[in-house]
Amino acid sequence: MFRRFKPLWGKKPGLKSTYDAVIIGGGLHSLATAYYLAKEQGMSNVAILEKNFIGFGGAGRNTAIVRANQRTQENVPLYKEALDLWPILTKELDYNLMFNNCGNLNLMHSEAAMNAARMNVCTAQFHGVESHLLDPRQIKELEPAINISPDITYPIHGAMFHPPGGVIRHDAVVWGLAKGAAAHGVHIHQQTEATAIHTDGGKITGVETHRGRINSPRVLVSAGGYSAGIINKMMGVKLPISVLTIQAMVTQPLKPVLHHVVSSGMYHAYANQTLKGEIATGAHMDQWPNYTTLTTAHYIKHQAEALSEFLPFLRGVKFMRHWAGLADMTPDMAPIMDGNDPVEGFYMNCGWGYFGFKSCTAAGRHMASFIAKGECPERLKPFGLRRYENHRLMGETAALVTYTPDN
Amino acid sequence: MALTITCPVCGKRNGYEFRYGGEDKGPRPVEEGMTPRSWCDYVHMNACVAGVQKEWWCHKNGCGAWFTIHRNTLTNLEVEGVEVTS
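Chains A and B are the protein sequences, given in the same order.
The opening position of the first sequence corresponds to residue 1 in the numbering used here, with each subsequent residue numbered one higher.
The opening position of the second sequence corresponds to residue 408 in the numbering used here, with each subsequent residue numbered one higher.
Just so you know, the hints here were simulated from the structure itself, not pulled from any lab data.
A couple of the hints might just be wrong.
[Said to hold, decoys possible] Capping the alpha-carbon separation at 30 Å, the derived lysine-lysine pairs in BS3-like fashion look like this:
| no. | chain 1 | residue 1 | chain 2 | residue 2 |
| --- | --- | --- | --- | --- |
| 1 | A | 179 | A | 276 |
| 2 | B | 432 | A | 238 |
| 3 | A | 203 | B | 432 |
| 4 | A | 276 | B | 432 |
The shape of chain A in the complex, shown without the other chains:
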């Protein structure tokens, strides 16, 4: 089996000397951008350069939750598009993405949080996204495992219920998009590290890799948590990003007991039961920037304390695996998608924090249009880098949990 191994998405392509577009990073945003470039924009001479293997970073480390209940007018439609794309992509890619449309339940632990949730619900309803408020008794009817008693550290005042959300198998999305992109002619180069970006007279001319030089008039850096470091190192452009390690873990498998994605900003924890029966849970970020992707005992303790209060059936259940990935946090909790500024042909898609998974398909689709046409699509205009110097930061920090070393 080792000798005859070939990737699911086709034969290993040779590295060509010229491509119409080169994408640095082999995660979901890159794969989705390449897929839509080839499928919808007629640009299939595209290379993806991945230092490790596709899905090595955030794409394979996130907890696979998808939802469209963000805070601001600019963000909600983008995430809604992504959410609507999952069933379509399952058919289009002919690949089972295992979309479990179980719904998201965000617990609120104060009247102030309920007021914030009210505004989120209004934004969602304005954009045609189903989302509504529940009181503690309705929560108990919906999800009997939740402890609504008033004698816990943060008693539950209510919740925001978002039925269209859920969980998807993240590896399947990586493989499905890779298969789709490769079928349309995209070259996926794994174990190929980009070492420099070449420019000439304010225009992109190519990318240097450890396997040789590639000529290309367009380069997209879409490397998740590694993007900000790469962009600063190769282009000398600093970004308003802090890269933090974020942790997640799963328990031993249990019989079906938790039927929704449950999250709590106050307890800094979320949990959902996977189709295998494990409780996948996470949320903790290191409070200082680092690229270690290492886990901490500090967090296992925090998670055990939090879960045993609001999901008491988990008392005594063992954690089985514990891992971490990177989250590139911006001060306004919204991503940066920009291009042709200051260098023509240079594009970036980063700063997704911990929202990169749920948005990948919609962001990739719009980035593909941006790269092919050279003009920023309307939907991406609010996400430009210059919003920071123009003091037009987005209000996403008012959403559920804010984690950044800036506050």
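Given the coordinates of chain A, assemble chain B onto it according to the supplied hints.
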């Protein structure tokens, strides 16, 4: 990952006693001739170095001192007497 930081007053202590204060960006820009962009660079922009960087810390749950250290962001280990290259 666990982290220890050397406070100039209290010595080597557990990292959770400290608050991260951002990358060292040099002195605050002078008010005269300042543009929104130069202010934004100072306030928001980071180098995000994967390697050794100079950074600010405050001994929040201790003596309260503000100081700089060099730390390798790939290992979370404090580095002494190293010149920052990037």
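Do the hints match the structure? See the list:
1. Restraint check for residue 179 of chain A and residue 276 of chain A: satisfied, since their Cα atoms lie roughly 25 Å apart, inside the 30 Å limit.
2. For a cut-off of 30 Å, the pair hint linking residue 432 of chain B to residue 238 of chain A stands: about 12 Å separates their Cα positions.
3. Taking the CA atoms of residue 203 of chain A and residue 432 of chain B, the gap is near 29 Å; set against the 30 Å cutoff, the hint holds.
4. Distance restraint check for residue 276 of chain A and residue 432 of chain B: the Cα-Cα separation of roughly 48 Å exceeds the 30 Å cut-off, and the hinted pair is therefore not satisfied.
The structure does not agree with numbered hint 4 stated previously, though it agrees with all others.
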